[in-house]
Amino acid sequence: MPYITKQNQAITADRNWLISKQYDARWSPTEKARLKDIASRYKVKWSGNTRHVPWNALLERVDIIPNSMVATMAAAESGWGTSRLARENNNLFGMKCGAGRCRGAMKGYSQFESVEQSVQAYVTNLNTHPGLFFFPQVAPAAAQGGSGSNRQHHDP
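Residue 62 is where the sequence shown starts when you use my numbering, and the numbers rise one by one after that.
Check before you lean on any hint, since a few could be wrong.
Said to hold, decoys possible - Pair ranges (Cβ atoms, derived): (1) 190 / 140: 30 to 38 Å; (2) 149 / 78: 35 to 43 Å; (3) 102 / 136: 38 to 46 Å.
Unchecked claim - 25 Å max Cα-Cα, derived DSS-like pairs, lysine-lysine: (4) 106 / 168; (5) 82 / 106; (6) 82 / 104; (7) 93 / 106; (8) 82 / 93; (9) 82 / 97; (10) 104 / 93; (11) 82 / 67; (12) 157 / 168; (13) 157 / 67; (14) 67 / 104; (15) 67 / 97.
Hints are computed from structural coordinates only; laboratory data are not their basis.
A quick note: this is a predicted structure, and the numbers were derived from the prediction, not measured.
We put the beta carbon where it would ideally sit given N, CA and C, even for glycine.
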């Protein structure tokens with residue numbers, strides 16, 4: 062869980078920064094560079110014009126994933142870390158890679174340098190992958206036990 066918590070802390074820092082900048086009229090070059098980096102990491106198109114920042118898209122994607130959900134998926138997909146894919150590729154979530162871009166012992170699946178990188182890639186995938194755009198609407202209910210609308214849930 063420390064890797065999940067660390068990833069969520071980084072996401073929270075980006076999200077809080079975005080919220081703090083949302084109504085600013087003046088941007089330093091460093092702030093523009095940070096916004097460009099966040100938009101790029103979360104695959105949000107932005108022209109570079111600070112008067113036309115896609116705030117809704119950014120705030121929808123730059124959001125935490127419930128720790129329990131990530132841990133449950135890691136356990137289910139990797140057999141509690143015992144699968145060959147988890148052991149040889151550090152891939153806890155069964156994430157596949159694009160054709161011709163695979164390396165590692167398990168062909169067709171992403172290989173990571175560490176389990177931490179696997180968690181980071183999975184959380185990023187949930188927040189950015191076109192096939193998972195339903196996630197921001199489903200996650201609040203999951204985070205609140207089926208009854209909430211706030212993804213800012215923290216597991217005990």
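Checked hints:
no.	hint	result
1	190 / 140: 30 to 38 Å	violated (23 Å)
2	149 / 78: 35 to 43 Å	holds (37 Å)
3	102 / 136: 38 to 46 Å	violated (26 Å)
4	106 / 168	violated (32 Å)
5	82 / 106	holds (18 Å)
6	82 / 104	holds (19 Å)
7	93 / 106	holds (14 Å)
8	82 / 93	holds (10 Å)
9	82 / 97	holds (13 Å)
10	104 / 93	holds (16 Å)
11	82 / 67	holds (23 Å)
12	157 / 168	holds (9 Å)
13	157 / 67	holds (23 Å)
14	67 / 104	holds (21 Å)
15	67 / 97	holds (22 Å)
Violated hints, in rising order: 1, 3 and 4; the structure is consistent with all others.
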